[in-house]
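Quick note, the sequences are listed as chains A and B, same order.
Letter by letter, the first sequence follows residues 1 to 286 in the numbering used here.
Letter by letter, the second sequence follows residues 1001 to 1148 in the numbering used here.
Quick caveat, the hints were computed from the structure, so don't treat them as lab data.
Backbone N, C-alpha and C fix where the C-beta goes; we use that ideal spot for every residue, glycine too.
There may be inaccurate statements among the hints.
Heads up, simulated DSS-like pairs for lysine-lysine below, C-alpha to C-alpha not over 30 Å straight-line [to be verified]:
id, chain 1, residue 1, chain 2, residue 2
1, B, Lys1060, A, Lys82
2, A, Lys89, A, Lys117
3, A, Lys82, A, Lys189
4, A, Lys112, B, Lys1035
5, B, Lys1130, B, Lys1142
6, A, Lys89, B, Lys1035
7, A, Lys112, B, Lys1039
8, A, Lys82, B, Lys1142
9, A, Lys274, A, Lys112
10, A, Lys82, B, Lys1035
11, B, Lys1035, B, Lys1047
12, A, Lys89, B, Lys1071
13, B, Lys1060, B, Lys1047
14, B, Lys1039, A, Lys89
Some, not all, of what chain B presents toward chain A, calculated at C-beta under 10 Å [as the list claims (entries may be wrong)]:
id, residue
15, Val1020
16, Trp1031
17, Arg1044
18, Leu1138
19, Lys1142
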Amino acid sequence: MSGVLAQLGSFFNNLFGTPVAFAATEAAGHAEGAAEHGSGIHVVLKAEEVFNLAGFPITNSLIMTVISTVLLIAFAYFVRSKLAMIPGKLQAGVEMLFQGVLDYMAETLESKALARKFFPLIMTIFLFVLVANQLAFLPGVGSILVDHAGSMVPLLRAPAADLNMTLALAIIAFLVIEITGVVILGFFKYAGKYVNFSSPVNFAVGIIELLSNIGRLISFSFRLFGNVFAGEVMIVVALFFVAYLLPVPLIAFEVFVGFIQAVVFSMLTLFFIKLSIMEPHGDEAH
Amino acid sequence: MESLLTAFGIDGKLLLAQLVNFGVLFVALTWLLYKPVMKTLDERAAKIAQGVEDAELASKKAETADEDAAKVVKGAETEAEGIVAGARDLAGSEKARIMKEAEARAAQVAADAEARATETAAKALRDSEKEIARLAVLAAEKVLREGK
Chain A
1 MSGVLAQLGS FFNNLFGTPV AFAATEAAGH AEGAAEHGSG IHVVLKAEEV FNLAGFPITN
61 SLIMTVISTV LLIAFAYFVR SKLAMIPGKL QAGVEMLFQG VLDYMAETLE SKALARKFFP
121 LIMTIFLFVL VANQLAFLPG VGSILVDHAG SMVPLLRAPA ADLNMTLALA IIAFLVIEIT
181 GVVILGFFKY AGKYVNFSSP VNFAVGIIEL LSNIGRLISF SFRLFGNVFA GEVMIVVALF
241 FVAYLLPVPL IAFEVFVGFI QAVVFSMLTL FFIKLSIMEP HGDEAH
Chain B
1001 MESLLTAFGI DGKLLLAQLV NFGVLFVALT WLLYKPVMKT LDERAAKIAQ GVEDAELASK
1061 KAETADEDAA KVVKGAETEA EGIVAGARDL AGSEKARIMK EAEARAAQVA ADAEARATET
1121 AAKALRDSEK EIARLAVLAA EKVLREGK
């Protein structure tokens, strides 16, 4: 796999090798970001280590993750300190968002109590992914370089452009979905959804569902990672060719994608929770 | 598989860090944001429900108050009518009494006047009888004198 990636890298080098040198000399004034990376477009699939804290690798994506978290907690603290019975504009907006999401969840889960229970998880996923994605468009992310072990690496990187972050979210969503199914339906009933000997067809369907369940780990993590990472690459490429104006619509589109991905991740988690608590198919009268 | 993990930079430590980070964010937002905001929303909903209930109660009360007022006005009207009727009756009987009195007095006055008139007439008759007698005497005297 890494061989394929290396090949891809050299392909990029071959493709952009000459234009890079050209652009670097001609547009050295305004394309410093691209020029500093040396030759070619600097595309790294994984988050790079910025420094090492007692054997713990601190990557640029991890730094951004922590920044997003701190900002969100500060925002929460700020909102709470201004909470009043008669809401201000900020509180009204937050309340509208919460109420809308809660109503939608209650409609989907067909239970107000369950909606209340899962609201913190769904809302946190949404807010975290949203803020993490949007922060990545701030100037400085990707363009501020620091020296690490002799090579220049970006200090900050979009959190979702690191598979560790998206995989962690996917694992959490996966665990919550499965555990919810077991808790609400009971272990044997829930397992019966996937291992079903009542007929060969049901058995095959159960196995397929089991595989698709496990596949969610991959689809969840790679959907978010792929979208954000691809957006970054696209913007970098556009920046490389035309540094001014051209990237603007692309960045605007990526802002939209960042929002959509936050919605998609949280909504899919909600839908899968709903699927996992539904009664098995066998019980339905056909 | 392992090369896949390295290619994407999957690292147990980083994964754990991300999990912990999300856990911290989840707990912090739940305590700082979701619970207080939900509590405010619930409190406001309860307050609005209370307000609606109070308003209903008040309108019901206003309705009964209207009814009461109508009842009171009706009672007052009947009473007033009664009073007026009573006054009219009283006035009627008083008038009759006064007229009776007046009639009685008039009758008495008439009776007095008649009595006096009769007396006067009688006296006049007596007087005239005396005069006639005196005149007759005088005439007789004159006849006697001429007869001599």
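Each hint, compared with the structure:
1. In summary, the hint linking Lys1060(B) to Lys82(A) is not supported, as the alpha carbons are separated by about 38 Å, beyond the 30 Å threshold.
2. A hinted pair counts as satisfied when its Cα atoms are at most 30 Å apart, and Lys89(A) with Lys117(A) qualifies at roughly 27 Å.
3. Distance check on the hinted pair: Lys82(A) and Lys189(A) sit about 46 Å apart at the alpha-carbon level, beyond 30 Å; violated.
4. Restraint check for Lys112(A) and Lys1035(B): satisfied, since their Cα atoms lie roughly 16 Å apart, inside the 30 Å limit.
5. A threshold of 30 Å between alpha carbons decides the hint, and for Lys1130(B) with Lys1142(B) the separation of about 18 Å falls inside it, so the pair holds.
6. Only pairs whose Cα atoms come within 30 Å are accepted, and Lys89(A) paired with Lys1035(B) is accepted, the gap being roughly 19 Å.
7. The hinted pair formed by Lys112(A) and Lys1039(B) meets the criterion: a straight-line CA distance of about 15 Å does not exceed 30 Å.
8. About 151 Å separates the Cα atoms of Lys82(A) and Lys1142(B), which puts this hinted pair outside 30 Å; it is violated.
9. At most 30 Å may separate the alpha-carbon atoms for a hinted pair to count; Lys274(A) and Lys112(A) meet this at roughly 13 Å.
10. Restraint check: the Cα-Cα separation between Lys82(A) and Lys1035(B) comes to about 14 Å, which is no more than 30 Å; the hinted pair holds.
11. Distance hint between Lys1035(B) and Lys1047(B) is fulfilled; the C-alpha atoms sit about 18 Å from each other, no more than 30 Å.
12. With a CA separation close to 51 Å, the supplied pair Lys89(A) and Lys1071(B) exceeds the 30 Å bound.
13. Between Lys1060(B) and Lys1047(B) the CA atoms are separated by roughly 20 Å; this keeps the pair inside 30 Å, and the hint holds.
14. A hinted pair counts as satisfied when its Cα atoms are at most 30 Å apart, and Lys1039(B) with Lys89(A) qualifies at roughly 18 Å.
15. Here the hint on Val1020(B) is kept, as its CB sits about 9 Å from the closest CB of chain A, short of 10 Å.
16. Interface restraint check for Trp1031(B): the shortest CB-CB distance to chain A comes to about 8 Å, inside 10 Å, so the restraint holds.
17. Given the 10 Å rule on beta carbons, the hint for Arg1044(B) holds: about 6 Å separates it from the nearest Cβ of chain A.
18. The closest approach between the C-beta of Leu1138(B) and any C-beta of chain A is roughly 134 Å, which is over the 10 Å cut-off, so the hint fails.
19. Evaluation of the Lys1142(B) hint against chain A yields a violated restraint, the C-beta minimum of about 139 Å exceeding 10 Å.
Checked against the numbered hints listed earlier, the structure breaks hints 1, 3, 8, 12, 18 and 19; every other hint is satisfied.
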